[in-house]
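Protein chains in written order, with this note's numbering: chain A, 71 to 470; chain B, 41 to 275.
No lab work stands behind these hints, which were simulated from the structure alone.
Note that the structure is predicted; figures quoted are calculated from it, not measured.
Treat the hints with care, since some could be wrong.
To be verified - Footprint (simulated), chain B over chain A, 3 or more residues, beta carbon under 8 Å: (1) 79 to 89; (2) 387 to 394; (3) 455 to 468.
To be verified - Here are the computed lysine to any residue pairs in the SDA-like style, where the Cα-Cα straight-line distance is at most 20 Å: (4) Lys234/B x Asp169/B; (5) Lys234/B x Pro73/B; (6) Lys85/A x Lys65/B; (7) Lys85/A x Asp169/B; (8) Lys461/A x Tyr236/B; (9) Lys461/A x Arg123/B; (10) Lys129/B x Ala384/A; (11) Lys43/B x Asp169/B; (12) Lys85/A x Asp99/B; (13) Lys461/A x Lys234/B; (14) Lys461/A x Leu122/B.
By construction, the Cβ of each residue, glycine as well, lies at the ideal position given by its N, Cα and C atoms.
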Amino acid sequence: MISLAGRDILNAWGKFIFTGIGLGLLIGVTLTMAGVYRGMVDDGKALLDNSGADLWVVQQDTLGPYAESSSINDDVYRSILSMPGVVEAANVTYLTMQVRQGRRDVRSMVVGVVAGSPGKPGWPPYLVAGRQITRSHYEAVADIATGFELGDRIQVRRNQYTVVGLTRRMVSSSGDPMVFIPLKDAQEAQFLKDNDAVLQQRRRTAENPSLNRPGVPGLLDAVIATQSSNPYVNAVLVRIRPGYSAEEIARPIRRWQRLTAYTRSQMEEILIGKLIATSSKQIGMFLVILAIVSAAIVAFIIYTLTMDKIREIAVLKLIGTRNRTIAAMIMQQAIALGVIGFVVGKITATFAAPLFPKYVLLMPLDTVAGFFAVLMICVLASLIAIRMALKVDPAEAIGG
Amino acid sequence: MSKGIFIEGMGKRYGTGDTAVDALKKVDMQVEPGEVVGLIGPSGSGKSTLLKSLGAVIDPSAGRMMLGDEVIYDGGWKVPDLRALRRDKIGFVFQAPYLIPFLDVTDNVALLPMLAGLPNGEARQRAHDLLTALDVQHRAQAMPSQLSGGEQQRVAIARGLVNRPPVILADEPTAPLDSERAMSVIRILNNMAKKYETAIIVVTHDEKIIPTFKRIYHIRDGVTHEEAGEGRGFD
């Protein structure tokens, strides 16, 4: 049997290809949107994976350190380290800010890690160039997404840092690339005031009679010293010994240390379930709208193509063509349009994804699901045209 | 017993009650196999309604119709599948050829036997034979848009004949053609009618071809009257 749909497509292939390309660009946007969502989730997971932690210890009753601010004393890690089942515990700070390099600045997450102890939780697990931080001050390791290069001088707050190493896929849950600096510098950066503010604070402290008591030498200096240092970190990252469960370690920390501890699955729930939930809904809405627009476009195109063939359909019906043959012709054309559109869309998304500033992850499973969704949309969209075609009176082929 | 098409007392009423209109009142026709008859009448006389009734596109309101030995209408359709009836037993040739624009000449003709369940090879062979007989085989691979008006009409005739129906209904088949091509089409219809033992009813207004019919049915106000034609030019 002749494939009526195939012959019609071959006869008007230019129209089909160009229509398919138009539809494909729309499908490409849809696939990219799905990729943006997957990229956000993957960024969140990469953040957790690359931290190398099994447990996140943060300020009590906060969702820190990524979703909320958290502040705990930087000596807490010692007591955690002494707990059975804990292999490593490391202080870490996170601060999202603009990092300056020359005349430009880059939105980055500045991570403070304990200098000289690579491999500990919080450190970049691998480098693609250069070396890890070895000095206690003014060295930095940056994600290549920052655009920094080895030897670049970057500015965090008032201090200059030299980029000594480059890493990859170290990003915040928002997709901002990370810049690792020594912990002490990072602690200072979080609370560092400008010179005028420091002077003002010292003057106020000196004028406070309860802090500047006559006959108590050294009190004022001690108070000023505590004001100008920062003994807080955002979290302690804990690595668990094999054979112990994270929850097993977390329970006594919550009970006795009066801190909150999150396991990997709980942290993932915070990042994906709470931190990017609104963005996910936003993207979900876009996907729904794009699906509806795609369906409307396919329906309109197939309807128009069918309208152009009304006389031929009447002739086909008059000479005895079955309804299902006519319906199959229209549906096959809709599906062919969908397949052309999908191939174009997939190619578009694949080539466009790396151009996006944030990570776009095109997953094979999404591609398969997208393909079947496109087919489903095309089949549904063709129903209007099929309904119209089946209503065509074969008598229209005869004059009068 | 007729072997072509036999119609007796066919009527068609549109509407009911006071607004009812009898488009066909009493149509009696008989066309033998191998015969080409003309059906002529003024606008509004019921020609198209008769053609649609004969083509099983609309339901007549009364009468009897036989194709060959088979009663297909007698106060109601006697065949279960009108679509199959149109496909297998009735050939159509239209005023405009109405070829399927995305099929080449061979497939335009071979489509019908394929729809009837014939294997592709056999259907294409039938198409080839008919196109050869109609002298358009050299355009077998051409698309309809590449054919002249006369070639298109010959392909349409081949399509009407390909399932070897006992009757062909031709609706003004020469209307868009000049005299020479119109006569050529009538000649072809006569030849094909004889060759394939088909009864052909040609609805026409065309003064040029009316003298070519040996028998003519006049239809006026839904009633047919038979008269002898001149039968000029054809044996």
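Cross-check of the supplied hints:
1. 79 to 89: With 3 residues closer than 8 Å to chain B, the segment 79 to 89 of chain A meets the three-residue bar; holds.
2. 387 to 394: holds (count 6)
3. 455 to 468: Per the Cβ count (5), the hint holds.
4. Lys234/B x Asp169/B: holds, 16 Å
5. Lys234/B x Pro73/B: holds, 8 Å
6. Lys85/A x Lys65/B: violated, 49 Å
7. Lys85/A x Asp169/B: violated, 35 Å
8. Lys461/A x Tyr236/B: violated, 34 Å
9. Lys461/A x Arg123/B: Holds - the C-alpha atoms of Arg123/B and Lys461/A are around 15 Å apart, at most 20 Å.
10. Lys129/B x Ala384/A: Holds, at about 18 Å.
11. Lys43/B x Asp169/B: Distance ~24 Å between Lys43/B and Asp169/B Cα, so the pair is violated.
12. Lys85/A x Asp99/B: violated, 40 Å
13. Lys461/A x Lys234/B: violated, 37 Å
14. Lys461/A x Leu122/B: With a Cα-Cα distance of about 16 Å, the restraint between Lys461/A and Leu122/B holds, given a limit of 20 Å.
Checked against the numbered hints above, the structure breaks hints 6, 7, 8, 11, 12, 13 and satisfies the rest.
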